[in-house]
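Residues per chain, in single letters:
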Amino acid sequence: MSEFPQPNITETNKPFWDGLKNGELLFQECTNGHRWLPASDFCPDCLSTFFQFKKASGKAKLISWVIYNTAHHPAFEKIVPYNVAIVELDEGPKMITNIVCTKEELIPGMKLTLTIKETSGVFLPKFLPQ
Amino acid sequence: MSNLNQMSGKYVIAGIGQTAFGKLPGRSTISLNIEACKNALIDAGIEKNQVDALLVKTPTSAREFMYGQKLAAAMGMRPKIGGSWDQGGAANIALISSAMNAIEAGQCEIALVCYADNPKTGNRDHFSRPRGDDAVFGWFSTAAGYAMIQQRHMIEFGTKAEDFGIIAKAARRHGAANPNAQLRKAIDIDSYLQSPMQIEPLRRDDCCLVSDGGAAIVIMSAAKAHNLGIHHAIPILGLGQGQTSCDLTNRPSLTSTEAVVSAKTAFAMAGLETKDIDVVQIYDCFTIAVMMTLEDYGFCPKGQFGSWAANGYLEIGGGLPFNTSGGLLSETGMPGLQLILEGVKQMRGTAPLQVPQANKCLISNQGGTMHTHGTLILGN
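Line order of the protein sequences matches chains Y and A.
Sequential numbering from 5 applies to the first sequence in the working numbering.
Sequential numbering from 1286 applies to the second sequence in the working numbering.
List time: in silico BS3-like cross-link candidates among lysine-lysine, alpha-carbon distance up to 30 Å: (1) A:K1365 - A:K1295; (2) Y:K18 - Y:K65; (3) Y:K115 - Y:K65; (4) A:K1333 - A:K1355; (5) Y:K98 - A:K1587; (6) Y:K63 - Y:K25; (7) A:K1560 - A:K1445; (8) Y:K115 - A:K1587; (9) A:K1295 - A:K1549; (10) A:K1630 - A:K1308; (11) A:K1445 - Y:K65; (12) A:K1509 - A:K1295; (13) A:K1549 - A:K1587; (14) Y:K18 - Y:K58; (15) Y:K130 - A:K1445; (16) Y:K63 - Y:K115; (17) Y:K98 - A:K1445; (18) Y:K65 - A:K1587; (19) Y:K25 - Y:K107; (20) Y:K107 - A:K1445; (21) A:K1587 - A:K1445; (22) A:K1587 - Y:K107; (23) Y:K121 - Y:K82; (24) Y:K18 - Y:K115; (25) Y:K115 - A:K1445; (26) A:K1509 - A:K1365; (27) Y:K25 - Y:K59.
Calculated directly from the structure, the hints in this document are not laboratory data.
Taking the hints into account, I'd like the entire structure generated from these sequences.
Written as structure tokens, this is what we have:
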């Protein structure tokens, strides 16, 4: 199997990836109450640098998705067809992920629950239909 | 009162030039840019030493440091104003705006705006690249972002596959009539529906071509064009820009973009409304981009495209002929400057598929995954 794509881990996003290793999906929240993903040194709303990483409940809903019938990277050749989705966490931030189900099971707005899956040493936040 | 309306009609596209479109093996982007610029100068009837600004859209698939300067050097030019600008496909209109503003401010007099790329015979990795750290989810390619938006549009408005087929059918019909088009094969809705799925819900016929080629235009004031005796100069009536900027997950909505803002500025500058437009050239990298642009501009009620565009409304002879040279779906996949060339031809009355009595043409350009947007309104 070809090498799995690795995230570019930086000082900024290390808490996010470390959180996944510890079984937690973390988002950021500034002192003005704005919440966001992906990790950033500044709040995208108010540019505040006063923020903390917070644990998401793991509840989310499905916003949109696509189905790849061919792989754009050798590491995904064995899992086609596969989906990539945008989900909105109950806390507000949205993210790219995979829904662990067949394409026939995908329903707009469906409720989802976090499941953290390890692939080639990377702990990935994916979602299961609730 | 701002200068917005005062700029309307004060500047013109005085010359247009292009290369062949399609597969051009062995041609560098510099070579393609020079050919397009040379043809634009010939069309305007001016010499290169009259040009004092060279504004270049960065080649999408082959980025180079100081590209604008490399092109100027290869053309033996020392422009007062020169460089390359990266904004994806919206850059063409941003550069026209920059040229007009620089001339208005007395910084230069005549500008060349150009673009060339060679992904067809060169490297097209750019279009299937990983989308940042989200590559860990298998999130790759330019097309996937548009597929994600198309899916959301279908969810929110019940948009049907056939509705996207209306766009592909119109573009392909017009491309088939264009002797310079790369793909000259008309399709019907059934064959569109049968075209193979790519990244679902995108079908092959939703996706633009990959092409080598170049295009260029000459910008100057209407007064300068008059003094130089350039009779086929086409006035720029309106122009606007809007930057959605943030990536898909952080947009408040996936089904509307800052194209709304871009069009509002362009229409305000021109003092026109959608009903005044006779023909449109809409950036059709993917059919969903056309649908959303026509909605965001106010031509079509949001979510009602299928009924609005039915019965050939976007085809030649219809209410609002669109992409009369075939667009990115059929003429060339080059990002956008060719749409401006076709707009100029329509306003001159010299397009191969001419819209009779057309005197207002609107053109949209956009880049990224609908991150950037530009709107141009031409008259005659």
